[in-house]
Amino acid sequence: MRNALKLVAVAVAAVVVAGTATAQSTADDIAKYREMIADGNPAELYEMQGEELWRTLRGPKKATLEKCDLGMGPGVVKGASARMPRYFKDTGMVQDLESRLLTCMETLQGIDPKLVIDGKFNSGERKTMDALVAYVVTHSKGDAIKVDMSNPKMKELYALGERAFYYRAGPMDFSCATCHGEDDKRIRLQDLPNLTTHKGAAAGWGSWPAYRVSNSQFWTMQHRLNDCFRQQRTAEPIYASEVTIALSVYMAAKANGGEVMTPGLKR
Amino acid sequence: MKMKLIVPLALAAVFAVPVHAASSDELDMKAREMMKDSFKETGIAKKHRMLQLDFQEACSQAKLPPTAVMKQIEAEQMKTIKWPSDGKYYGDWKEGEKIAISGRGLTWRDKADAENGGGCYNCHQLSHNEISYGTIGPSLLEYGKLRGNSDEMVKYTWGKLWNAKAYNACSNMPRNGDAEILTEQQIKHLMAYLFDPESPVNKR
Numbered sequence: 009m010r011n012a013l014k015l016v017a018v019a020v021a022a023v024v025v026a027g028t029a030t031a032q033s034t035a036d037d038i039a040k041y042r043e044m045i046a047d048g049n050p051a052e053l054y055e056m057q058g059e060e061l062w063r064t065l066r067g068p069k070k071a072t073l074e075k076c077d078l079g080m081g082p083g084v085v086k087g088a089s090a091r092m093p094r095y096f097k098d099t100g101m102v103q104d105l106e107s108r109l110l111t112c113m114e115t116l117q118g119i120d121p122k123l124v125i126d127g128k129f130n131s132g133e134r135k136t137m138d139a140l141v142a143y144v145v146t147h148s149k150g151d152a153i154k155v156d157m158s159n160p161k162m163k164e165l166y167a168l169g170e171r172a173f174y175y176r177a178g179p180m181d182f183s184c185a186t187c188h189g190e191d192d193k194r195i196r197l198q199d200l201p202n203l204t205t206h207k208g209a210a211a212g213w214g215s216w217p218a219y220r221v222s223n224s225q226f227w228t229m230q231h232r233l234n235d236c237f238r239q240q241r242t243a244e245p246i247y248a249s250e251v252t253i254a255l256s257v258y259m260a261a262k263a264n265g266g267e268v269m270t271p272g273l274k275r
Numbered sequence: 003m004k005m006k007l008i009v010p011l012a013l014a015a016v017f018a019v020p021v022h023a024a025s026s027d028e029l030d031m032k033a034r035e036m037m038k039d040s041f042k043e044t045g046i047a048k049k050h051r052m053l054q055l056d057f058q059e060a061c062s063q064a065k066l067p068p069t070a071v072m073k074q075i076e077a078e079q080m081k082t083i084k085w086p087s088d089g090k091y092y093g094d095w096k097e098g099e100k101i102a103i104s105g106r107g108l109t110w111r112d113k114a115d116a117e118n119g120g121g122c123y124n125c126h127q128l129s130h131n132e133i134s135y136g137t138i139g140p141s142l143l144e145y146g147k148l149r150g151n152s153d154e155m156v157k158y159t160w161g162k163l164w165n166a167k168a169y170n171a172c173s174n175m176p177r178n179g180d181a182e183i184l185t186e187q188q189i190k191h192l193m194a195y196l197f198d199p200e201s202p203v204n205k206r
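Quick note, the sequences are listed as chains A and B, same order. With my numbering applied, the first sequence has no gaps in its numbers, which climb one by one up to 275 at the end. With my numbering applied, the second sequence has no gaps in its numbers, which climb one by one up to 206 at the end.
Chain A with its partners taken away, still in its complex shape (with noise of 0.2 Å):
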């Protein structure tokens, strides 16, 4: 299975690669991409090794995460990332999916957030959380995007992403606007989503996490964040920090209604 993956995934790049002789934008490529492996995405992957971890005694305590409640109840799995982030009441916090693992991870296994919060992406504790997310998002696939932005926490988050969605700093004075603040834009050959509205946000914000093609990894949304911050040419978002979690409530709460298309694959 493994081995099939990688080669078909070899075939993509060759796909994306050829892509760029003609004017059209990466998103044709990655359409011929999604035609060629029928239903099968490589991120399927990770989610068979998340739902492995998930059932796997880890950490100091010698626990599962069969326990964790993402909002749907203790072990729900089931619509609970269509439905993130969301406010916690045990927590007292608005929280995404990653952050919300990392409450999972240290409450009932002893796993301390810093390895996650301190570590690089693609390996340690990192990788697990990659894998964990590719295994809960899956089970929101086709759902819609429903996030409750009843609460007052979620309401103010919201008004803090929008800020943050406008803020332009540093060398270049971007900000996320200036990239995905009109429809109907790219860089290079990459189709940008205009986040502001709720179809852009809907394609955007629904089919992250992603399998990326182009470097054969799975990203999970802090990821993806982090990625964007990089091209903006900022300070470095401290993962799981108030600025990803508005972001995200800005995003999916724009999104609301949309269908969830996680695990997405990517350019």
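None of these hints come from the bench; they were simulated from the model. Keep in mind the model is a prediction, meaning the values are calculated, not measured. Even glycine gets a Cβ: it sits at the ideal position worked out from N, Cα and C. Among the hints, erroneous ones may be present.
Just a few of them, taken from the derived set where beta-carbon distance is under 10 Å, the chain B residues facing chain A [unchecked claim]:
#1 Ser40
#2 Val71
#3 Met72
#4 Lys73
#5 Ala77
#6 Gly107
#7 Thr137
#8 Leu143
#9 Met155
#10 Tyr158
EDC-like mimics (lysine to aspartate or glutamate), calculated; alpha carbons at most 20 Å apart, straight line [as the list claims (entries may be wrong)]:
#11 A:Lys161 to B:Glu154
#12 B:Lys65 to A:Glu190
#13 B:Lys90 to B:Glu35
Following the hints, complete the assembly by docking chain B onto the known chain A.
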């Protein structure tokens, strides 16, 4: 350029328990705190990058600032433009092409002494030959051929490359010269790329 000093608002954070919906001013303060506290320094990407210049702050909303504010920003930005020290506006278009293609530089993975690219192709169509171009900015195909090389056009273009905000306060285009993204010599190469009749921008 002058950095805006952001006063720590620790008190506000302590008292702003959300028993009531926060006012717009309170949210502005919280957002500023958030933009300070949510980031860390990595490599060359220092934390002070999260502070805003005055015009950056004025241009940080969905709406453009009022015309008068825009005019004032443009006048201030105009003063930052350095004209070529030897009076020569053009370098080598072949070098210019490399700079236009490269989008490298200034991220937390880049080295301090690395030469930055202009990233022009991220946002603009330029040459007849390069079809992988972005659309955040207008097409600059046949720039020199279409606009000619009057003193006025040459000076405008130099100024635009040095500091795009001098002509449009909230432009999406970076201030290549003013923010020290590109050197004077690199901007000369880009000028040649835009204006030289032999450059693939103008010659099919």
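Violations among the numbered hints, reported as their numbers in ascending order: Numbers 2, 3, 4, 5, 8, 9, 10, 11 and 13 - these are the hints that the structure violates, sorted from lowest upward.
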